[in-house]
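Novice: This is what each chain is made of:
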Amino acid sequence: MRALRFSRKQLGIPYALFLLLFVVAPLFVIIYYAFTNGEGQFTIANLQGFFTDPNTIGTLFYSFMLAVVTTVVCLLLAYPIAYVLARSNIRHKSVIVMIFVLPMWINFTLRITALKEILTIIEGNLAFHPFLNSVIGMTYDFLPFMILPMYTTLSKLDNSLLEAANDLGASPLQTFIKVTLPLSVPGIVSGVVMVFLPSMTNYVVLDMLYNSTYIMGSLIGSYFSAYDWHNGSMIALVLLLIILIFTLFTNRYEEDGSKSRGGAIL
Amino acid sequence: MKKAFPIIFLSVMIMLVYLPILVLVVYSFTDAPNIGPIHSFSLHNYVTLFTKEELTSMIWGTVILALSSALLATILGTLGAIGAFYSKKGASSFINAMNQVPVVNADVVTGFSICVLLIVTFNISKESYVPLLIGHTVLSAPFVYLSVVPKLKQMDSSLYEAAIDLGAKPSLALRKVVLPQIMPGIVSGFALAVTLSLDDYFIASYTKPATFDTISTYVVNATKGSQTDIKTALWALSTLIFVIVILVVVVMNLSGKGGEKRRGKEDF
Chain S
1 MRALRFSRKQ LGIPYALFLL LFVVAPLFVI IYYAFTNGEG QFTIANLQGF
51 FTDPNTIGTL FYSFMLAVVT TVVCLLLAYP IAYVLARSNI RHKSVIVMIF
101 VLPMWINFTL RITALKEILT IIEGNLAFHP FLNSVIGMTY DFLPFMILPM
151 YTTLSKLDNS LLEAANDLGA SPLQTFIKVT LPLSVPGIVS GVVMVFLPSM
201 TNYVVLDMLY NSTYIMGSLI GSYFSAYDWH NGSMIALVLL LIILIFTLFT
251 NRYEEDGSKS RGGAIL
Chain W
1001 MKKAFPIIFL SVMIMLVYLP ILVLVVYSFT DAPNIGPIHS FSLHNYVTLF
1051 TKEELTSMIW GTVILALSSA LLATILGTLG AIGAFYSKKG ASSFINAMNQ
1101 VPVVNADVVT GFSICVLLIV TFNISKESYV PLLIGHTVLS APFVYLSVVP
1151 KLKQMDSSLY EAAIDLGAKP SLALRKVVLP QIMPGIVSGF ALAVTLSLDD
1201 YFIASYTKPA TFDTISTYVV NATKGSQTDI KTALWALSTL IFVIVILVVV
1251 VMNLSGKGGE KRRGKEDF
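Protein chains in written order, with the working numbering: chain S, 1 to 266; chain W, 1001 to 1268.
So that you can see chain W by itself, here it is in the shape it has in the complex:
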């Protein structure tokens, strides 16, 4: 009895959380235009998703934006973390404080303020994609920074000194000694940056070119429109993303098993 209650409780909560997603998964494989009676199995939603130009370009645009902003954020954030770690206390706490602003700030305010600075004040055209790319980098670089800093603190600093004593140039020591030790932080920072960009609506909607859409801005517009084939094709997209997320989590968990003890519990 004592053991059954937690399991029942958790199962009910999991069902509630997953019910909406699973309903969409099931309906994405039918020809039903609404959540209602199902007539037959159909893959037409998936065909639409992969053949309709506006859908494919929107998906690719979102992915390319996520990868490029994450790459930029990872380079900037990692270098920033290394720099701040070796700087004097004053300088590093200044960088820390600035880094914290986008983390605690509301995305609406971040997006709007970047829009006012770059587009309104500096007259940089939205169509150049520059404000959008900068906006997404501002959103995610602080999280890269925050995932690299703890790895620097855990690092055995005597190894770097040993490399220098043995004649390595600082740049070589940095690449061969420091970088491998903070790599897990860089990788998880990059992954985090990708997911933040993929999930963002607000920064994109204030900085994106008029004709460009990310998944978020596209979905929000599509729910206001009445095109049924688009709406149901988005069910197929939800299903695909759901499956990809599960696969990524499973793969990362399996590959992370070996390093689990070393990296400690809080990262699970």
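If we strip away everything but chain S, and leave its shape as in the complex, we get:
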């Protein structure tokens, strides 16, 4: 009998197979379905459909606008928070950071339910401001994911650089624009990645706040409900391409974005 040889690298085989089967294979299946019709024949009708249907193009545009506005609002809120947390010498800093990221461990549907109750009191009828409410909802949902990577970057900032700028005669504003801001780019990019893509796809936030306009995610949801795997796959493929382009573009600036999604975990 041949002795069972044990090798450390063989431990990775189950996970590699798991990834091939359930991460890589689904991508190929999506491509297959996107370019076939109900009879299994090759077709580019789904692709043409996507680019000629004014509804889908409108949806793409609307999701893009929603994602851009949400990302900008999150940036404008999160940057000062992260900056103050990282740069001022307040006491119990780590506790306060924890207070800001703690909501991200509460189920997001429950958080949006809570937000909805408050917005209903303020606005009366949510249906009057669908876009605004969606931006507020997304911001409320994603803000901690923006604060965290920025805080990490800003708290690692080398103090001697700021002192040097000061010594060389830069005003505080100049120091901020010429030194602090460029050095915080990796954190900003990580935060943008965390917020931008979910804002294009998380249609549940819109649903719950009574915004009936479609975003890219809702298209997949509606094709799923209609058992239309071919058109659904085409939308998924378009989203995959957007994500791929986005990732390639941001990878160069990002510090360690992979961690940020759950990065605050102890």
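A portion of the hints provided could be inaccurate.
[Said to hold, decoys possible] Below, a list of computed lysine to aspartate or glutamate pairs in the EDC-like style, where the Cα atoms sit at most 16 angstroms apart: (1) W:Lys1224 to S:Glu117; (2) S:Lys178 to S:Glu163; (3) S:Lys116 to S:Asp207; (4) W:Lys1176 to W:Asp1156; (5) W:Lys1176 to W:Asp1165; (6) W:Lys1231 to W:Glu1054; (7) W:Lys1052 to W:Glu1161; (8) W:Lys1231 to S:Glu117; (9) W:Lys1224 to S:Asp207.
[Claimed, not checked] Computed footprint of chain S on chain W; a stretch qualifies when at least three of its residues, placed anywhere within it, have a C-beta under 8 angstroms from a C-beta of chain S: (10) 1071-1081; (11) 1131-1143; (12) 1188-1202.
[Claimed, not checked] Each pair of labels, with its calculated beta carbon distance range: (13) S:Phe246 to W:Phe1041: 47 to 55 angstroms; (14) S:Ser212 to W:Thr1211: 36 to 44 angstroms; (15) S:Leu161 to W:Glu1127: 54 to 62 angstroms; (16) W:Leu1166 to S:Asp158: 26 to 34 angstroms; (17) W:Val1187 to S:Val95: 19 to 27 angstroms; (18) S:Leu17 to W:Ser1068: 14 to 22 angstroms; (19) W:Leu1159 to S:Leu168: 45 to 53 angstroms.
Hints are computed from structural coordinates only; laboratory data are not their basis. Don't be surprised by glycine CBs; every beta carbon is placed ideally from N, CA and C.
Place chain W on chain S using the hints.
Specialist: For chain W alone, coordinates are given in the frame of chain S:
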């Protein structure tokens, strides 16, 4: 003055973030059917939450799914990280690249593509819970992998060699030397896997059995319905989850105090 501004600013932001949650916490202890006038203190929301069959089974289902998918993800992800760490560069960067796909991908696309592969193409019944369990494992295993890899890199590799030189079999050395050193990564990976599963809506909604609900899918359906007792019972659920999250964070922070220096700042 200079010191007061940051504190005021942060306080206002914290109030904005917590106001909606705290309003639900307060109202969960009343008999009010809406956020409005309060008539009296009441625990009926909590009674409903713990006695209504559809609510209790939904909560247990969510918890069992989270724990079982996290366990599976932790085993696969940890073994994968160890395997990739000791593999040749090509193999390990291949695993790294595959691992990155679910991390950057939108959950809608992950859920839909798993549904199309398993349910549509392979005809695996949704009712078997297999697509759901696999879906949640796909979602969280990459994050276990990512939290174990840095611990392997920080590990003192000479300890493993020493164990082998002293006569330990590789499997023993792995269990007694490598595993204890990467344990913090495995634990935080598991915790992360649990929270990802608990928070997920999209993968569950594309792969779950028709009659099964997680907290997320249940809440989304409940907000469309008009059953007031369900709606207010969910306020009680939000309150409980809020309290549990605070407790877990406090306990983990206290127990982590000792190891803080060793583990470094980025984990805080």
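Novice: So, for every hint listed, does it hold in this structure?
Specialist: Here is how each hint holds up against the structure:
{"no.": "1", "hint": "W:Lys1224 to S:Glu117", "result": "14 angstroms, holds"}
{"no.": "2", "hint": "S:Lys178 to S:Glu163", "result": "13 angstroms, holds"}
{"no.": "3", "hint": "S:Lys116 to S:Asp207", "result": "11 angstroms, holds"}
{"no.": "4", "hint": "W:Lys1176 to W:Asp1156", "result": "14 angstroms, holds"}
{"no.": "5", "hint": "W:Lys1176 to W:Asp1165", "result": "14 angstroms, holds"}
{"no.": "6", "hint": "W:Lys1231 to W:Glu1054", "result": "13 angstroms, holds"}
{"no.": "7", "hint": "W:Lys1052 to W:Glu1161", "result": "57 angstroms, violated"}
{"no.": "8", "hint": "W:Lys1231 to S:Glu117", "result": "11 angstroms, holds"}
{"no.": "9", "hint": "W:Lys1224 to S:Asp207", "result": "9 angstroms, holds"}
{"no.": "10", "hint": "1071-1081", "result": "holds (count 5)"}
{"no.": "11", "hint": "1131-1143", "result": "holds (count 5)"}
{"no.": "12", "hint": "1188-1202", "result": "holds (count 9)"}
{"no.": "13", "hint": "S:Phe246 to W:Phe1041: 47 to 55 angstroms", "result": "50 angstroms, holds"}
{"no.": "14", "hint": "S:Ser212 to W:Thr1211: 36 to 44 angstroms", "result": "27 angstroms, violated"}
{"no.": "15", "hint": "S:Leu161 to W:Glu1127: 54 to 62 angstroms", "result": "60 angstroms, holds"}
{"no.": "16", "hint": "W:Leu1166 to S:Asp158: 26 to 34 angstroms", "result": "44 angstroms, violated"}
{"no.": "17", "hint": "W:Val1187 to S:Val95: 19 to 27 angstroms", "result": "22 angstroms, holds"}
{"no.": "18", "hint": "S:Leu17 to W:Ser1068: 14 to 22 angstroms", "result": "20 angstroms, holds"}
{"no.": "19", "hint": "W:Leu1159 to S:Leu168: 45 to 53 angstroms", "result": "48 angstroms, holds"}
Hints 7, 14 and 16, counting from the list given before, are not met by this structure.
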